[in-house]
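Number of protein chains: 2
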Amino acid sequence: MPDTLTPFPASIDDIRAANARLDPVVRRTPLLSSPFLDEIAGRRVLVKPECLQHTGSFKFRGAWSAISALDPDVRAKGIIAFSSGNHAQGIAHAATRHGVPSVIIMPGNAPAVKIANTRALGAEVVLYDRETEDRDEIGAKIAEDRGLTLIKPFDDPLVIAGQATCGLEIATQAAEAGVTSADVLVCCGGGGLTSGIAIALEAEAPGLRVRPVEPVGFDDVARSLLSGRIERNDRVSGSICDAIITPTPGELTFPVMQRLCGPGVVVPEELCLKAMAEAFNRLKIVLEPGGAIALAAALYMPETVEGDTVIAVASGGNVDAPMFTKALAEL
Amino acid sequence: MPDTLTPFPASIDDIRAANARLDPVVRRTPLLSSPFLDEIAGRRVLVKPECLQHTGSFKFRGAWSAISALDPDVRAKGIIAFSSGNHAQGIAHAATRHGVPSVIIMPGNAPAVKIANTRALGAEVVLYDRETEDRDEIGAKIAEDRGLTLIKPFDDPLVIAGQATCGLEIATQAAEAGVTSADVLVCCGGGGLTSGIAIALEAEAPGLRVRPVEPVGFDDVARSLLSGRIERNDRVSGSICDAIITPTPGELTFPVMQRLCGPGVVVPEELCLKAMAEAFNRLKIVLEPGGAIALAAALYMPETVEGDTVIAVASGGNVDAPMFTKALAEL
Numbered sequence: 001m002p003d004t005l006t007p008f009p010a011s012i013d014d015i016r017a018a019n020a021r022l023d024p025v026v027r028r029t030p031l032l033s034s035p036f037l038d039e040i041a042g043r044r045v046l047v048k049p050e051c052l053q054h055t056g057s058f059k060f061r062g063a064w065s066a067i068s069a070l071d072p073d074v075r076a077k078g079i080i081a082f083s084s085g086n087h088a089q090g091i092a093h094a095a096t097r098h099g100v101p102s103v104i105i106m107p108g109n110a111p112a113v114k115i116a117n118t119r120a121l122g123a124e125v126v127l128y129d130r131e132t133e134d135r136d137e138i139g140a141k142i143a144e145d146r147g148l149t150l151i152k153p154f155d156d157p158l159v160i161a162g163q164a165t166c167g168l169e170i171a172t173q174a175a176e177a178g179v180t181s182a183d184v185l186v187c188c189g190g191g192g193l194t195s196g197i198a199i200a201l202e203a204e205a206p207g208l209r210v211r212p213v214e215p216v217g218f219d220d221v222a223r224s225l226l227s228g229r230i231e232r233n234d235r236v237s238g239s240i241c242d243a244i245i246t247p248t249p250g251e252l253t254f255p256v257m258q259r260l261c262g263p264g265v266v267v268p269e270e271l272c273l274k275a276m277a278e279a280f281n282r283l284k285i286v287l288e289p290g291g292a293i294a295l296a297a298a299l300y301m302p303e304t305v306e307g308d309t310v311i312a313v314a315s316g317g318n319v320d321a322p323m324f325t326k327a328l329a330e331l
Numbered sequence: 001m002p003d004t005l006t007p008f009p010a011s012i013d014d015i016r017a018a019n020a021r022l023d024p025v026v027r028r029t030p031l032l033s034s035p036f037l038d039e040i041a042g043r044r045v046l047v048k049p050e051c052l053q054h055t056g057s058f059k060f061r062g063a064w065s066a067i068s069a070l071d072p073d074v075r076a077k078g079i080i081a082f083s084s085g086n087h088a089q090g091i092a093h094a095a096t097r098h099g100v101p102s103v104i105i106m107p108g109n110a111p112a113v114k115i116a117n118t119r120a121l122g123a124e125v126v127l128y129d130r131e132t133e134d135r136d137e138i139g140a141k142i143a144e145d146r147g148l149t150l151i152k153p154f155d156d157p158l159v160i161a162g163q164a165t166c167g168l169e170i171a172t173q174a175a176e177a178g179v180t181s182a183d184v185l186v187c188c189g190g191g192g193l194t195s196g197i198a199i200a201l202e203a204e205a206p207g208l209r210v211r212p213v214e215p216v217g218f219d220d221v222a223r224s225l226l227s228g229r230i231e232r233n234d235r236v237s238g239s240i241c242d243a244i245i246t247p248t249p250g251e252l253t254f255p256v257m258q259r260l261c262g263p264g265v266v267v268p269e270e271l272c273l274k275a276m277a278e279a280f281n282r283l284k285i286v287l288e289p290g291g292a293i294a295l296a297a298a299l300y301m302p303e304t305v306e307g308d309t310v311i312a313v314a315s316g317g318n319v320d321a322p323m324f325t326k327a328l329a330e331l
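Chain order of the listed sequences is A and B. Position 37 of the first sequence, counted from 1, bears residue number 37 in full-length UniProt numbering, the numbering being contiguous throughout. Position 222 of the second sequence, counted from 1, bears residue number 222 in full-length UniProt numbering, the numbering being contiguous throughout.
Since the hints were made in silico from the structure, they are not lab data. Honestly, I wouldn't trust all of these hints.
Below 30 Å or equal to it, Euclidean Cα-Cα: the simulated DSS-like pairs (lysine-lysine) are [what the hints assert, rightly or not]:
#, chain 1, residue 1, chain 2, residue 2
1, B, Lys114, B, Lys274
2, A, Lys326, B, Lys114
3, A, Lys326, B, Lys326
4, A, Lys274, B, Lys114
5, B, Lys274, A, Lys326
6, A, Lys152, A, Lys114
Beta-carbon label-pair distances, calculated as ranges [what the hints assert, rightly or not]:
#, chain 1, residue 1, chain 2, residue 2, range
7, A, Thr248, B, Pro263, 55 to 63 Å
8, B, Gly42, A, Ile138, 32 to 40 Å
9, B, Ser181, A, Asp13, 38 to 46 Å
10, A, Gly307, B, Ile138, 42 to 50 Å
11, B, Ser181, A, Val74, 53 to 61 Å
12, A, Ile138, B, Gly207, 45 to 53 Å
13, B, Glu176, A, Ala69, 19 to 27 Å
14, B, Gly42, A, Asn109, 32 to 40 Å
15, B, Asp320, A, Glu144, 49 to 57 Å
Ideal placement from N, C-alpha and C gives every residue a C-beta, glycine not left out.
Modelling step: build the complete structure from the supplied sequences, incorporating the hints.
Here is the structure:
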């Protein structure tokens, strides 16, 4: 069977349908630039600031895509998700704006501010003990008791289609900026955003090549792309880029990345702090370390990128004041 | 003669023409919001983040509007401006992108980083000694010698028309958000942005009422609106809101504000630091103190605002790391 018939988790039609569902609510983020960043990188740099998206990260796109596609009767019973981070906030906000309940399962030792924020966005937060309790078991019981629908953070076709709407915007905005050929660097965890953008660009801007960007020591996607099979990180904690750390690429997302993405870029995490500082200084946006890693690659590892323009997706900005202050010391 | 025939510095047609000239280059800034800000203000808060504009403030709009309208032969000789701040950067960048020279006259004791940035944007910076030299004399001589065109920071019809394009966007975006009636709070110095937005909204969204916002001690516009004549500030330095401090409202901008704006709002400047912190935390944008003063009024002085929605224009983000770190301590 020819390659083009391989079933993809989301087709361009699925993505366009997700985009139509998102249209009344999504924030269409602009494409930012600064001659000062061009100077650092030695080429034109365009930045897609998804930190400006609702709840401060691209995750709202996937959450809205999945929740809005549910049968209304199913949706009314509510949503459940496992997350202590950006997915939690995206789901909570998207569910609340649909007027339906959401339950977020979080480890009891998650930062208090993340628990408080998720609750303030309208979710019920259920805490579990990482040492003694089984997260999946707790979630499955609550889901069954209440008839909730589980929405996974990346291995879900509707979530991938939602994140892909960011790629549709990049295609349009790059064309408006006269860019037909460039590397598109994407901060990569499980690969939902990366694979989604890749599918969108294959259809809408085939001269743009997506490349996943990860921190040193958590480069499961880069290694998986090299070996041709799913590789695992030795650990999933201990990085300032916590928002984009996952054990492995997703089962749905990896085949997409394998077919459509260029080689991964692996970045020392201290460069993320420098990129956060320049994003503050030149673009006036707030990035979290994991959300700055693609920009870090664009600015400080220009030898890994091809072409006279590079596009960096800045995936999120949920950072606390102490970490941001630390980044500003890089200026 | 009826009021409606009073000649305005810029008509809605002038503004639409400026908008067409800006269209290929201006950054169309989104309208941001957060349920957390709505909670603080007790009403819906919409924020227009002009910190995301080229050079970090709305000033690029007016600069481009004025430079792009010049006769090409005149423009080719170059532009001159007096500014140590956001107007300087807007002019430098707009001139450079037109491929024409610019000269910016700055006091010799301006911060080194502002001088360096203005030069890096392509301008020639001429420094003068505030104590012993006459700025206007120096500028006039250079302008005459080289045939440069002076562009003033606010009392220029083409500059006002350029800033007004921000108002056209607010009109469209407010309608998309279902808002037909609201106070629009605008950070106000000489009144170019405030009067421009007011003219645009009078034509495009007459239910939106513009109100200038200034810091305590520098409330020349608020007092002028009350007394019906141009009032002067006692001093023009010593505020963290330096970007929006001018001695008096403009001669062109004041009559517009007088006819179209609601009462001024006067804000203690320490509230700007709190608003900067919340803009960081909830909107993921970087604001300078003067650029945050309208948001400060929206969040912390809700009793001065009318209606169930308030729109705050966040006019600029050119702030250094120490001042921003100080603001983050408010969280």
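message = Verify the CB-CB distance for Thr248(A) and Pro263(B) against the hinted window 55 to 63 Å.
response = About 60 Å separates the Cβ atoms of Thr248(A) and Pro263(B), which means 55 to 63 Å holds.
query = When you check the alpha-carbon spacing of Lys274(B) and Lys326(A), does it fall within 30 Å?
reply = Given pair Lys274(B), Lys326(A) holds - Cα atoms ~20 Å apart, limit 30 Å.
ask   = For the pair Ser181(B) and Val74(A), does the Cβ-Cβ distance stay inside 53 to 61 Å?
value = violated (38 Å)
query = Given the hint that Lys274(A) pairs with Lys114(B), does the C-alpha gap stay at or below 30 Å?
reply = Within the cut-off at roughly 21 Å; holds.
key: Pairwise beta carbon distance, Glu176(B) to Ala69(A), judged against the given window 19 to 27 Å   = holds (23 Å)
query = Is the distance from the Cβ of Gly42(B) to the Cβ of Ile138(A) consistent with 32 to 40 Å?
reply = holds (37 Å)
query = Between Ile138(A) and Gly207(B), is the Cβ distance one that fits in 45 to 53 Å?
reply = With a Cβ separation near 50 Å, Ile138(A) and Gly207(B) satisfy 45 to 53 Å, so the hint holds.
query = Do the beta carbons of Gly42(B) and Asn109(A) sit within 32 to 40 Å of each other?
reply = holds (34 Å)
task = Verify the proposed pairing of Lys326(A) with Lys326(B), using a straight-line Cα cut of 30 Å.
result = holds (13 Å)
inquiry  = Given a hint of 49 to 57 Å, does the C-beta separation of Asp320(B) and Glu144(A) actually sit inside it?
reply    = Given a distance of about 55 Å, which is inside 49 to 57 Å, the answer is holds.
ask   = Are Lys114(B) and Lys274(B) close enough, with their CA atoms no more than 30 Å apart?
value = holds (25 Å)
ask   = Lys326(A) and Lys114(B): Cα distance at most 30 Å?
value = holds (23 Å)
Of the numbered hints stated above, the single one contradicted by the structure is hint 11.
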